[in-house]
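**Student:** Residues per chain, in single letters:
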Amino acid sequence: MSEAADTDALVEVDHLKQYFPIKSGLLIDREVARVHAVDDVTFSLRRGETFGVVGESGCGKSTLSRCLLRLLDPTAGTVRFEGRDITTLSRAQLRPLRSEMQMIFQDPYASLNPRKRVGQIVGDPIKLHGGAKGGEGSVKTRVQTLLERVGLQAEHYNRFPHEFSGGQRQRIGIARALALEPKLIVADEPVSALDVSVQAQIVNLLDDLQDDFGLTYVFVAHDLGVVRHVSDRVAVMYLGKVVEVSPAEELYTKPVHPYTAALLSAIPIPDPRENRARRRVVLQGDVPSPIDPPPACRFHTRCPFATEVCSTVEPPLVDYGGGHLVACHHPQNVSEQEIRAATVAPESPVSAGDLLPEPRGDSARAAAQSSS
Amino acid sequence: MAEALLTVEDLRVGFETDDGRVQAVDGVSFELREGEVLAIVGESGSGKSVTAQTIMGLTRSPNAAFEGRIGFEGEDLLNASQEQLRRVRGNEIAMIFQDPMTSLHPVYKLGWQIAEQIQAHEQVSKADARERATELLRRVGIPSPESRIDNYPHEFSGGMRQRAMIAMALANSPRILIADEPTTALDVTIQAQIISLIGDLRSELGSVILITHDLGVVAEIADRVLVMYGGMVVEQGTLEELFYNPQHPYTWGLLGSLARVDGVKPRRLPSIAGAPPSLIAPPKGCRFRTRCPHEFDRCAELPPLAARAGGTQIDRCWLSPQEKAAKRAVEGRIGLEATA
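These protein sequence lines map, in sequence, to chains R and W. Taking my numbering, I'd label the letters of the first sequence as residues 1 to 372. Taking my numbering, I'd label the letters of the second sequence as residues 1 to 340.
Looking at chain W on its own, in the form it has when it is part of the complex:
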């Protein structure tokens, strides 16, 4: 097994608000191994983005409270100084964001923005940095980069801007790339281009943490998957384990409720009743029990993350693997019952 590059241990992130404390991340632990693509999947409010942003030190604010540890190269990023973080950000760990329209500075030329980042971490001349920026733009598939380097962000389309963001993230050959919903804002044909670009660059990207709600994208590029719900990890496993033998009813529900373009069309889409829980007053016990059709008395107690199905898979559900297998098939698909 490859070595762990990044370890997140029992991470808790809470934000004080007028309505009370929002526990956005509530005890998340995982490790990122050398060279793998780890997908973190969940719906809005599941804590997936806060987890990623906390690794980069982007959630620090007067109303935020942190617990746990984020280990990277012998350092604890959670308690690192701003100086330490500045050395790591962009250089060792880079991030690309969902919306390429707002993540570039509108009044600086694109090439300048990339060169600035190279110069922030390495002693190189202006001309060399510019040369490298041109080369990066070429690598991510921007046509005629020599002239495009002097364009402003508004002169690029959404897909091209996302390519530029990837070029910028690659600029200092980081060991970890965190991609937060990198394709969500893009049209499907452009999304396919970006996914295939990420695939082509995998050897250069090091390890990737991919944050997404789209299980199709996950199936395409991830090695391992973490499913989050209500600030907690509810299931974790390899791509194969998670898609073909999902253990948590929430994962079944997610897989089942997708309207797919292939295969037999179900008479009715299996759906998950209700809405995601409030993070100010989450349900006691299992977070999913208020929406779970298979809830029973034991669910009032929070199930620990444990290996129940064998393999590398761990999940937070009291049911035995046999009970789960019997309950999860709906119309030949994996999912919850089709309820209104």
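Pulled out of the complex, with its shape left as it was, chain R reads as follows:
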């Protein structure tokens, strides 16, 4: 699936790793440890889809999104954009590709230059990428059209960012991202800084723009509710690893990885009666440090189902059919048949073994596997 045969793929990420060195020493910087921010992640983005990435702070979701745009230089692995490996391109070679992939940032207060007018903020990318051939006037018309498209007014062209509310600023950020007619938009927590009532406006706007411009989105967020609403597929990350990838609705109705199930269960539902009726799994402890992550399954220190094997053998990403991949030795919400039919997915990390989960109650197979 990660091979070039998949012509529908806009971006293919292949065994991507991003480690950050921690240095120490007075005169000579010596690398003493590494933060394993993204650790062997493989997936591909289909044209026109919205790929959600969720996880808690420190899981590597923001680092992953920056790698996709080559804002970081990955430690290993490749990112292919329309079949072309962008991890080895020089700055000059990357430049024309930059207009094809844009980013929307979390903080609408910090991501707009306070000294520039809206017209410059949205218009400068167009000029930089040679879109000003029709003269200054054509850029202005284009910016004003964009402003109107994102729900602002043409008159806002000459205003400064401080004259706008948080939601309007995020609209400016969206207009800037759209200015170069990109194919891919990576949105890193685009609504988490906004009030609830304004979040819905921005989510709906992103939805409309996707239909109009045929955009592909990577939507990174910690809010599983928002991710469910916008995404076609969702990846769940924990300590630099993808632990589950699934079509969006299936993830919410049938979480297979215990971490996904715990995340969903941790979210309070705004309905008092339903809240009282459901059983909650409260995970103990904190997320371990990505500097020295737990061996084998990284979730085993907090997992209610963990056994011996979880701390010794890294679980491979296993395909349960329909694009639902899970890296766990003790999958939840799957039937015996589904476990028997499961195969190791090509997206599985290199360091993981090929030990498939055991069907529950099938001790014969368990014995066979432990002896082999």
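The set of hints was computed from the structure by calculation and includes no laboratory data. There could be a bad hint or two in this list.
Just a sample of chain R residues kept apart from chain W, beta carbon distances all over 12 Å, derived [to be verified]:
no., residue
1, Asp-8
2, Phe-20
3, Gly-58
4, Thr-88
5, Ile-126
6, Asp-195
7, Glu-249
8, Val-282
9, Glu-308
10, Gly-323
11, Pro-346
Simulated restraints on C-beta separations [what the hints assert, rightly or not]:
no., chain 1, residue 1, chain 2, residue 2, range
12, R, Phe-213, W, Leu-85, 49 to 59 Å
13, W, Gln-123, R, Arg-34, 50 to 60 Å
14, W, Gly-263, R, Gln-332, 18 to 28 Å
15, W, Ala-80, R, Arg-117, 47 to 57 Å
16, W, Ala-307, R, Gln-153, 37 to 47 Å
17, W, Asp-76, R, Ala-110, 49 to 59 Å
18, R, Arg-34, W, Ser-173, 40 to 50 Å
19, W, Ala-307, R, Phe-213, 26 to 36 Å
20, W, Glu-116, R, Gln-284, 49 to 59 Å
21, W, Tyr-108, R, Glu-148, 47 to 57 Å
Every value quoted in this text rests on a predicted model; they were computed, and no experiment measured them. Note that the Cβ used here is the ideal one computed from N, Cα and C, for glycine as well.
We have chain R already, so just place chain W on it with the hints.
**Tutor:** Coordinates of chain W only, in the frame set by chain R:
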């Protein structure tokens, strides 16, 4: 009905700024009863935090102007002296803040900070105070508290720091705990731990005022809810009343615009158009009318907070309960129309 422990009467808080006077709280009245969890819900700028901080006397400054009364045990906290306030703060009314990273002193050991507070209000020896601090840390679920008590705040994770803040708030067995967005800065799995801790400690916490924008957290632990908008209370009722029969269009909008992880996914999220009002020049009449799709001529006049739906519920909207019921259902959910 339980007795009122704290009564806030017609509270007004304004701040003079270069751009004019910001009326952050504009006529808020409510009472907190013995043993209940009262949630105050609203978006940024709704006045919910200023209300809470004013109860603790934390908003006093040369540019602030106050009106109204905050009654607690026969005293008016709004006009209390600093000396009176010092007796009440931490001892009778404790507060935990949103950001556990910045609400502990970075250069003092955690145990020292808790013991200091115990000693500020009670005549106990240093050793006894330390002993009690250890016990408190154990109660809020900090593992091996005997050794952790000598750690500095930076040696704790965010969730652990919030637990330490709760331990500190419990130190003098206060009658009221004010929790200002206690889980907002935390990851969801840690948030669930803190919520379940607050649930476990409910019998010891006395009455709680919970300030939050998260209706999920409200559904989980509140008994009664106050919805604020533009410095005013727009609706108040029990948890059941507010979630299943909301009367104010702003409350419908809030409930409807949530992207939930359960139930049927709506085709489009109902949203509230526009942005929250400026508190320097708020709209005349109903504060919400500039964003309300159901606005009509009467809205130019400010509706009083009145019981219109029966029960204990009061709201600030001119529509009759029948009209509201007809207007609020969208795609089987409660909410405003799905507008762009």
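**Student:** Minimum Cβ separation between Asp-195 (chain R) and chain W greater than 12 Å?
**Tutor:** Violated: least Cβ distance 4 Å, not greater than 12 Å.
**Student:** May I ask you to check that Thr-88 (chain R) keeps its beta-carbon over 12 Å from the closest beta-carbon of chain W?
**Tutor:** Non-interface label on Thr-88 (chain R) holds, nearest chain W Cβ at 35 Å vs cutoff 12 Å.
**Student:** Would you check whether the claim that Ile-126 (chain R) is not at the interface survives, using Cβ distances to chain W and the 12 Å cut-off?
**Tutor:** holds (25 Å)
**Student:** Just to be sure I understand the hint, the distance between the Cβ atoms of Gly-263 (chain W) and Gln-332 (chain R) should be within 18 to 28 Å; is that true here?
**Tutor:** holds (21 Å)
**Student:** Taking the shortest Cβ-to-Cβ distance between Val-282 (chain R) and chain W, state whether it exceeds 12 Å.
**Tutor:** violated (5 Å)
**Student:** At the C-beta level, are Phe-213 (chain R) and Leu-85 (chain W) separated by a distance inside 49 to 59 Å?
**Tutor:** Cβ of Phe-213 (chain R) to Cβ of Leu-85 (chain W): about 57 Å, so the range 49 to 59 Å holds.
**Student:** Does 50 to 60 Å hold as the CB distance between Gln-123 (chain W) and Arg-34 (chain R), or does it fail?
**Tutor:** At 53 Å between Cβs, range holds.
**Student:** Do the beta carbons of Ala-80 (chain W) and Arg-117 (chain R) sit within 47 to 57 Å of each other?
**Tutor:** Between Ala-80 (chain W) and Arg-117 (chain R), where Cβ atoms are some 49 Å apart, the hint holds.
**Student:** Just double-check Phe-20 (chain R) for me: nearest Cβ-Cβ distance to chain W has to come out over 12 Å.
**Tutor:** Phe-20 (chain R) clear of chain W: closest Cβ-Cβ about 20 Å, beyond 12 Å.
**Student:** Checking a non-interface call: every C-beta of chain W should be farther than 12 Å from the C-beta of Glu-249 (chain R). Is that right?
**Tutor:** violated (7 Å)
**Student:** If we take the beta carbon of Glu-308 (chain R), is the closest beta carbon in chain W still more than 12 Å away?
**Tutor:** Fine: 23 Å to the nearest Cβ keeps Glu-308 (chain R) off the interface.
**Student:** Do the beta carbons of Tyr-108 (chain W) and Glu-148 (chain R) sit within 47 to 57 Å of each other?
**Tutor:** Holds: the Cβ-Cβ distance is about 55 Å, inside 47 to 57 Å.
This entry does not satisfy hints 3, 6, 7, 8, 17, 19, 20, going by the numbered hints stated previously.
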